[in-house]
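A.B. asks: Here's the letter readout for the chains.
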Amino acid sequence: MMGNPALVLLLGALPLPLLPARVRSAWMLALPTGALALLWLLPEGRTSQFTMLGLLLEPVRVDSLARVFGTAFCLAALLGVVYGLHVRDRVQQTAILVYAGSAIGGALAGDLVTLFVFWELTGLSSVLLIWARRTERSYRAGIRYLVAQVGSGLLMLGGIALHVDGGGGLRFDYIGASAPGGLLILIAIGIKCGFPVLHTWLQDAYPEATAVGTVVLSGFTTKLAVYALARGFPGTEALVWIGVVMACFPIFYAVIENDLRRVLSYSMINQLGFMVVGVGIGGSLGINGAAAHAFADIFFKALLFMSLGAVLTRVGTAKATELGGLYKSMPQTTVLCMIGAASISAFPLFSGFVTKSLILEAVAEEHRTVVWLLLLFASAGVFHHAGIKIPFFTFFAHDAGHRVPEAPLNMRIAMAMAAALSIAIGVAPGLMYSLLPFPVDYAPYTAAHVVNQIQLLALAAMAFTVLTRTGLYPPEVRSVNLDADVVYRRVLPAAWMHGQRGMAGLHDRMGPAARSGLSGVGRLLTRPLRMNGPLGSAWSTSGMVRWVILLLGILLLLSYV
Amino acid sequence: MKDDRRGLDEPRNVRLVVRALYLVCGLLLLTDLLYAKSPHFTFENWFGFYPVFGFVVSFSLVLVAKQLRHLLRRDEDYYERREQAADDG
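Residue numbers (numbering that gives the first Met the number 0), protein chains in the order written: chain A, 0 to 560; chain B, 0 to 88.
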C-alpha cells in the first residue's frame, strides 16, 4: 500500500498548508523527486492488491507503458513546482501536488475502479488552478471545465459498471470499443483527450487559469487520457480518423486566435491528434509513437506555456494584439520559448523530431496515404502557429513598447529544465526510445528524414514570411472565435429564453378561465415539492432511515428475483 | 530600462534576414538532388515534394483561416454579455 508513488504526492500534500513558507518550498520539491525515485524502485507487475466490497483492487501496476507516463508525470510535477516557487498561494500549491499525484495514480492503476477514482480526482483538484485566478471569468470557465471533467467521470463509471456486469472483469487492460461498456469508457476518455466537439472545455478553460496553473494543467489530464487510450483501445480504427481531425482542425483556429495561450491550447489538441492516430494505428510502432510523443509533448508544451506565463506575469497579458518586441526586455525567455517552438515543430535535434516521426512512420508503414498527407499538413501547420506565430508575435513583430524585467529566476530555471529535456530527447533519442513499451527499430537521423523535415519547415517559414511581407497575413484582432461551445454557451441558453418568452406570451393570450385552470393544474402537480408538501418538508432522520431500509429491501428482493 | 533600438528595428536588416531565408529555401530545394530517397510513397520521389508541399499547404492554411474568420469572429465580450444578461435577468 505504501509503495505507491501517487500516495507520496497525495499524502505529502496534506500537511503542506501548515508548513512555513521556506519548508514548504523544499517539501514541494522533495515530493515529486521522491515519487520518481519510488516509481523506478518498484518492480514490474502488480505490486499491491486488496479486496474492498468484494472487488479486487490493484492500485499499483508497473509496466513499461505505465512507467513512461508515470515518469513524465513526476518530472512534469517537478517542473510545475519549480515554475511556481515564487507563488505564495497555498491553494495552488496543494492543488498542483494533488493533481499530479492523481495523474500518477491513474497511470499506475491496475483496475478500473482505481482508474475511476484518480480520473475524478484529476478533474476536482485541477479546477482549483483555474479558480485560483480569482476572476469572474475564470470562475465561470472553471465551472464549465468541472462539468466536462465530472461528466467524463460519470460516463466512465457507467462504462465500468457495464463492463464488469458484462463479464469484462475489473482489470484495466485491453478493453476495445465493442466490449460491454467499452464505448462509454471510450467517450469518457475522449472528453479528456479532446476528441472533436468534445474538446471545447480545453481551449475554453486552460487560457483562463493562472500563469502557473496553465503550465500544470497542460501536463496531466490529456496525457492521462492518451495513456488510457493506449492501454484500453490500441488499434481501434476509428481513432485514426478522430486523430486526423484533431490534428487538422485546430490549426485553422490557431492562426486566427488572438489569446496566445489559447493558440497553444488549440496546438495541444493538434498534438494530441498525432498521439490518437498512433494509438489508432496500434502495433508496437504506433503505441511507441503515441507514448514517446506524449512524453516529449509534456515538456515542450509546458515550456511554451511557461514562456507565455512568464510574459503574462510580467506584462499582464498574453494577447498577440498587445505584445511584440519583448526580446529586448526578456531575452532569456525568448530563447527558451524558441527552443520549445523548435521542439514542437519537430526541428532536427529537438524532441518532436524523434517522437512525432515514430507516428508518421507507423502510418507510412501501413500505407495510409491520405492519413499521412493530412498529418504532414498538420506538421507544417503546427510550425506555422506554435513554431512561428507564438515567438514572433510575442517577442518580435512590432515593438509594443513594454519594458519589463526578465522572468523570475525560478521560472527561468523551470524553463531551462524543460528546454534541456527537449534537447536531450532530440539529441540522444536512444534515451527516450529505451523507455518505450516496445523495442524500437527506427533511426530518426537519416539523410532523407533530416533534409525533408528541414525543407518542409523552411518553406513553411517562407510562406509565413511572404504572407506577412505582402500584407496577406490576417492581422491580429481582439476577438473570440466561435467553436463548438457556442452550442451550450449561446444557442441553448438563447433557445431556452425564447421558449420561456414564448410560453409567457401564450399565457397572456389565454382567457381568464383557461389561465386559472392551468395554474390550478400547476399547483396540483408541484404541491408535493412545495415547502410544506410531502417531499419538500423537513424529514426526520428516523423517517429517512425507514425509507432507505425500504429501498434497500426492495433492491435485495429484486436481486433474488 | 532605456528605450533602445536594435538591429531588427532597421527595415534594411529585416530585408537582409528575409533575403537570407529565401536563399536558404532555394538551396534546400536544390538539395533534393543530392541525397538518396527511401520513400514509402511514390510521390515522395517527385522533385521538391516536401518543400513545395510545405509552402503550398502553409500558404493555403492561412488564406483559408482568414476566410473562416469572417464566419467565426465575434466581439471579445461575446459570451460575457450573454452570461451577464442571464444573471441580471
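Note that these hints are calculated values from the structure, not bench results.
Some hints here could point you the wrong way.
[Stated by the list, open to error] Here are a few chain A residues that face chain B, going by a calculated C-beta distance under 10 angstroms:
hint, residue
1, 252
2, 324
3, 455
4, 464
5, 529
6, 531
Every residue gets a Cβ at the ideal spot worked out from N, C-alpha and C, and that includes glycine.
A.B. asks: Going through the earlier hints one by one, which of them does the structure break, listed in rising order?
C.D. replies: As far as the earlier hints go, 5 and 6 are violated by this structure, in ascending order.
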